Amino acid sequence: MYELKFNENECLSCVTCDCLTKCQYMDIDKDTARTEISKIINGEDSFVLHNCVTCYACEEYCEKGNHPFYLIVERQEELDIPPLPKPLIRRGIQTGIPFRGEPDIYEAKEPALCMGVFSDLLYLIQGKLFDGLSLISMDPRKMFHYFCQLMYLHYARTSVIKERLPKIIETIAKHNATEIVFFHDECYGTYASYAPAVGIEVPFKPVHLFEYLYNRLNELKDEIKPLNLKVAYQRPCSSRLCSDKHHFVSDIFNLIGVENVKREYVDENGLCCGGTIQGQRREGSRLRAADVQQRNIDDMVNAGTEVCVFNCPACFNTLAALVNRRGIRPVFMSDLCRLAIGEEPAGWR
Amino acid sequence: MDHVKEALAVIVGEEHVSTEPEELYIYSYDLGTTEPRRPDYAVAPRTTEEVRRIVELANQEKIPIVPLGGGLSLAGLAVPLQGGIALDLKRMDTIIEVSEKARYAVVECGVSQGQLTAYLEKNHPNLMHSEPGAPPQATIAGNVAIHGQGDLAQPYGFNSDMVNGLEVVLPTGEVCKFGSCAVGANWYTQHPLPDVGLFLGWAGTTGIITKVSLKLYPRKKIQGVGQFVVEDEELIPEIIYRITHTEAAHDVVAFSQAIPPFASGLHHITINLSADSEKELDFKMELIFDDTLGEYIRSGDGGFLGFNRGLQRPQISKTADWRKGGGFEYVGAIMPVETYPQCYRRGREISERHDIPYTVLGRVIGMSHAMMFSWTYAFNRADLETIRQAREALHETDDLALELGGTIWKPGIYGQKLVLERIDPNTLKLMKKVKQLLDPNGIMNPGNWEVS
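First to last, the sequence lines map onto chains S and V. In this text, residue positions in the first sequence follow the working numbering: the first is 1, and each later residue adds one. In this text, residue positions in the second sequence follow the working numbering: the first is 1001, and each later residue adds one.
So that you can see chain S by itself, here it is in the shape it has in the complex (with noise of 0.2 Å):
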């Protein structure tokens, strides 16, 4: 069986306890971070497993990369503390079992692009940033055969990403890749950090969208106009698993002209959509969510932003309407980019 590599001493003897005491959801001072972290360690409860709102920031917070976010669930597992209430466990689980039968395994020509269990935002894979692209995964019928699995770390079921991920591996190594983009970085961080720190093998190299798009920007460098406009970037938190490809958002921003605004969320203050909080089982979840929501977008108002910038599709599900409401154009970071090349972008609206 998988087992994570975390490094107690390590965590033991740490002097910071930043995966804690830069916590934005629990005021947390460093004495009772190293007791509560030693608890976790020990597999005692403690109230951080009771209180974690599962957004991934500690993975970043931690500069010895121990992956404190990933034993946080695994002891929410262990002992039987779940973050959501179990029939939303349930159904979560449920959501990723195949049904419409098997995919169709094609060999992809590099560079490839996988779409994840985002197949029906295919849509947003068209114009010169993409031509040539082979792509995986575009049957949203087929697709949770690619399902990166990575969500459950939401639910506190690492047991069912370390049943599921090497059938997920395999499927998409079958295409032959040896280099393949995510569309989503919660995959790429599935195959860049999760699938290492447990000791599943990736066959293949992961790349992620970003890092892409900034690439291939430089390649149409003669077509772009500056854009001209106040942007801010919804950080997802799977950005958090991939924390030195966040460079590439302001390296992105600069290439196309537009202004990263200045505010109190962003980078590694970044707030989370709060599509998963609401769910959580702990008193006021909801209410939480919902303030967490209206800090992050008056921040963003506040700022002067023009347009918010996504990645993550959860977080366009969970914001994209809140920040219209308040006079924001929400999109997609590829269609700023197309926009930037002189295209009209499919999702621009």
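Please keep in mind that the hints were generated in silico from the structure rather than gathered at the bench. Keep in mind the model is a prediction, meaning the values are calculated, not measured. Glycine included, C-beta positions come from ideal geometry on N, C-alpha and C. Zero decoy hints are in this set.
Some chain S residues well away from chain V (every beta-carbon gap over 12 Å; in silico):
#: 1; residue: T16
#: 2; residue: K30
#: 3; residue: F47
#: 4; residue: E110
#: 5; residue: P111
#: 6; residue: I125
#: 7; residue: Q126
#: 8; residue: L129
#: 9; residue: K174
#: 10; residue: P203
#: 11; residue: L229
#: 12; residue: D244
#: 13; residue: G257
#: 14; residue: D267
#: 15; residue: I341
Derived DMTMM-like pairs: lysine to aspartate or glutamate, alpha-carbon spacing no greater than 20 Å straight-line:
#: 16; chain 1: V; residue 1: K1324; chain 2: S; residue 2: D139
#: 17; chain 1: V; residue 1: K1324; chain 2: S; residue 2: E102
#: 18; chain 1: V; residue 1: K1433; chain 2: V; residue 2: E1174
#: 19; chain 1: V; residue 1: K1279; chain 2: S; residue 2: D298
#: 20; chain 1: V; residue 1: K1318; chain 2: S; residue 2: D139
#: 21; chain 1: S; residue 1: K86; chain 2: V; residue 2: E1231
#: 22; chain 1: S; residue 1: K86; chain 2: V; residue 2: D1232
Go by the hints and put chain V onto chain S.
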């Protein structure tokens, strides 16, 4: 040309009457499992007067008449079981009047749900009607005639409870009005007597509805749907009781289905809310999802799945896709809400026994007075064996609905027989008298509701 066709052509014009096999074929079946039967004539009148003359002709010739709107009942109610005239009413599609202040619409019998919705959105954006989950071409008149229900079922009941008045062509050819319109007043109430109940629920066997006055309701600026999920079906009646107690929801539906897998063994409750302001919406959300359902969330027994703006309707027709071949039919039954757990378990057993992915759904009617329950069975139209399986499952479910203390909604022939076997003998006698009085020649949709 045969003399009946000739007479029909004189009434409606040659282009609106047909005996061509390819056109009669269209009227010979519905989308359910009922055996097809061709009519002898298909006729599409445009006016009440034309309907009246067709009925007179049918009486002279002793020919059956089967009126139909969208023809979507699924249970064979508009299949001409004994041939005769298929009376297609879709050409009678005028929206005659909308009273903004008194909130009602008077429509001809061929006006469809989608037509009225579109008309109101454009011309009366503050008004809405209770649109069912049926395809938009389903007609207003057809729906009230079978006790349909829609978006506003939870606060206001069946669509047939929303009728302010009717114009009906009786089986003997007289044109009658019922409700306030009968005394020359506006069409704003169905009171006082005579009562429209003579024609609602009779599946077109007591007369042909040609005009309907339907109540309209405030359409709020914001509409949306929240979802709540539980594993334990025993919790559903209690949760519905609590939600309806708030009087804050528009439509409350509970469902469970084998496909897609996320819904299998779980019970989703969709709760439609509407509001004129964010403040009103926040209040209703808090009232329902925090104050009322909070304890289920805290105990881990129930989960709030989220809230999305926009109207959502139950669309059981999607289950037609669960098997190859695109066929589906359901048993609809009006059930006490407390029977939901048994309806789910027993219905699921029936489905699994017949190797059909289960789909069960209950929509709350009128403050939890009842639940319109549906058990849906998919089949392959090209595979007689799967049609037979579905038909057996439907019959077992008709039995089940009655066994559990419910009553079958728009039953097919098998279900009608079950109901008539159980019905109070004196009620049956009265029904016979009514039927004999109104339809002495037995020309109206014969084969359905044969009480004589």
